Amino acid sequence: MGRGQSLGQFEQIVLTAVLSLREDAYGVRIHAQVDELSAPRSASLGAVYVTLDRLEDKGFVRSWLSAPTRERGGRAKRCYELQALGERALRESAESVHRLHTVLSQAWGGRTWKPARIR
Amino acid sequence: METGPHPLAERVVARLLPPRCREHVLGDLYERNATTGRYVWDALRSVPFAVWGQVRRTTSPGLACLQGGAVYGGFLSAYGRVAPGVLQTMDGVLGTLTPALTAMVVLALRDAWTGRSGRIGIRALVDAPLSVAAASAAHVAVQALRTQPLVDSTGTMVAGVVSLLLLSIVRAASTQTNIPPLAVQSGGSDMQVPRSDGSSSRLSRLWLLALVPLGAGAGLGASYFSPPIYRAATSVLVMASEVPPHLMPTDLRPRLSERLNVISMQVLSRLRLERIIRDLNLNRGEGQVSEGAIMRMRQDISLNIVASGERGAWFSVAYQAADPKTAMRVAERLGSLFVQENVEDAERLFDQTNLAVQSQLEETGKRLAAASAELDRSRREGTGSRSLAVLEVEHQVIRDQYRSLFESAQVARTGQTMERYGVGQQFRILEGARLPERPIEPVRLLWSSLGAAAGVIVASMTLLFQWWPRPPRARPEVTALPA
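Order-wise, the sequence lines are chains A and B.
Using the working numbering, the first residue of the first sequence is number 1, and each one after it goes up by one.
Using the working numbering, the first residue of the second sequence is number 1001, and each one after it goes up by one.
Please note: incorrect hints may appear among the correct ones.
Far from chain B, some chain A residues (derived; all Cβ distances over 12 Å) [as the list claims (entries may be wrong)]: (1) 26; (2) 32; (3) 38; (4) 50; (5) 53; (6) 57; (7) 66; (8) 68; (9) 69; (10) 75; (11) 102; (12) 103.
Okay, the calculated beta carbon distance ranges per label pair [what the hints assert, rightly or not]: (13) B/1008 to A/70: 55 to 61 Å; (14) B/1141 to A/66: 41 to 47 Å; (15) A/81 to B/1225: 51 to 57 Å; (16) A/43 to B/1146: 42 to 48 Å.
FYI, nobody ran anything at the bench for these hints, they're computed from the structure.
Nothing here was measured: the structure is a model prediction, and the numbers come from that model.
Heads up, the beta-carbon is just placed ideally off N, CA and C, and yes, glycines get one too.
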């Protein structure tokens, strides 16, 4: 995979959110999911837009406008769907994280890893 | 309790968003926020990112730099013409970079709003004047911060016209570059962007060829907007000193180049130039003469030694201005100043020499008188603390010294008199300044050549953009991979 096709950390989170939401993947929901995945840090809706645009340019997701709805003030949603290229990139990233986790587990003597408590 | 944002707030936010992302961003903001306050706060945090996302998608960094460079080139030419020395200062950098950056931002936002297809057709004709107008406004704003503008309104206009020509060329050339439309890249169903085919590629090559004569024509056209510069010169003859060498030692006769340097510094001093500006009303009745005006005047004055020999020399002092009469009047005044300063400088030199010699003469005279008195007393009384022989030697030495100083004082006095009567090294106006008939600038051939060179550069850059490998995009075969 070329340099332009590799994923950054935030891109991984956004792609995971799109994957997990499936048919319901649009701006507000993706942002809520990203917030949950990146806790305790929070991300802005604008940052999610920029990342989704970038992922679309890379061909990792595709988007389309749905029909307008009342709860959105008569505005349409832009729905996103993960593409084959995006899924492959996400899988490679996940494998990389898994390998990292395995090595760290061994280095720490098989102890179960726990995130440090934030003070 | 509010059930949604106020329609006015929604309309304002809609105006701030590029059309391509307007629909879904407005919908998302509506869905997330039930009250107007929260809606506005959320919009303030999200809209800049949404705009940036569109700018990033529709603006190529290389093309943006090229467009900024075109506007920068325009303003650089205006500054280079009016005040080239200012370009190395912070004012010059601000004055040229601010319009270029403003134009870059305006064009980037314009592309974000109209999309890539917006560079084609009638919109392309609007973009260049719009961004140049914004750039000129930014330039005027920067100039307004100064007490004395570096470039006047004519200069700003010339910069605007040159920028417009260069920018139009860049925009026209960029419409022919085969940038893959977003619809093809991502397969989005709501993006309608015309595809390019082989014919547009051929057209692009023709455009590139046409850029060179187009640039030359643009340069020639721009030269007609450039203000004419007239130059007038006064020739001054330097006549060698007619004072005999035994009356004026060589160390009191400075070389012409040294003398000219000293006199030039005096003529170009703030005091003298300020007087010329006031007398000839060059600051158009403004009370205080600024440092910038003095600096510009110094840059417009040139001194040239045409011929130099033992028996004399010939130099010219010239002044260039936008008005031929002003050029002539200032050149005449400068010539007269050189003649006047030369006389005053020579007199000052002999005055100082005379003064120094006189004071030494007086002191030596007192010492001689004291030595004579002591010698007489010793001779009368026949006794003293020192021997008679020593006193006689001392008296002899002081007397010789006094004689030598007396002769020097006579020489200085004679030289002073001769300078006063015009027998020393003289400056005489050989030929007064004439009213220049033709401007020395703009040189049309140079402007055309520069325009043609700009055309070659733009064509090369465009070719470079066309051949430069693009980041990997989604291809149909890639999307066909198993999920």
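*Against chain B, does residue 75 of chain A hold up as non-interface, every C-beta pair farther apart than 12 Å?*
Residue 75 of chain A is in fact no farther than 12 Å from some Cβ atom of chain B, at 3 Å.
*Exclusion check [residue 38 of chain A not at the chain B interface, CB over 12 Å]*: 16 Å, holds
*Determine whether the non-interface label on residue 69 of chain A survives the test: each CB of chain B must be over 12 Å from its CB.*
It is violated; residue 69 of chain A is separated from chain B by about 8 Å at its closest Cβ, not greater than 12 Å.
*Decide, holds or violated, for the assertion that all CB atoms of chain B are farther than 12 Å from the CB of residue 53 of chain A.*
4 Å, violated
*If you check the beta carbons of residue 1141 of chain B and residue 66 of chain A, does the distance land in 41 to 47 Å?*
45 Å, holds
*Could one say that the CB atoms of residue 1008 of chain B and residue 70 of chain A fall in the range 55 to 61 Å?*
20 Å, violated
*Okay, residue 81 of chain A versus residue 1225 of chain B on CB: inside 51 to 57 Å?*
55 Å, holds
*residue 32 of chain A clear of chain B by more than 12 Å, beta carbon to beta carbon?*
9 Å, violated
*Exclusion check [residue 68 of chain A not at the chain B interface, CB over 12 Å]*: 8 Å, violated
*asked:* Just want to verify: residue 103 of chain A was marked as not at the interface with chain B; is every Cβ pair farther apart than 12 Å?
replied: 29 Å, holds
*So the hint says 42 to 48 Å: do the beta-carbon atoms of residue 43 of chain A and residue 1146 of chain B match that?*
44 Å, holds
*Say whether it holds or is violated: residue 57 of chain A keeps its Cβ farther than 12 Å from all Cβ of chain B.*
6 Å, violated
Hint compliance for this structure: hints 1, 2, 4, 5, 6, 7, 8, 9, 10, 13 are broken, all remaining hints hold.
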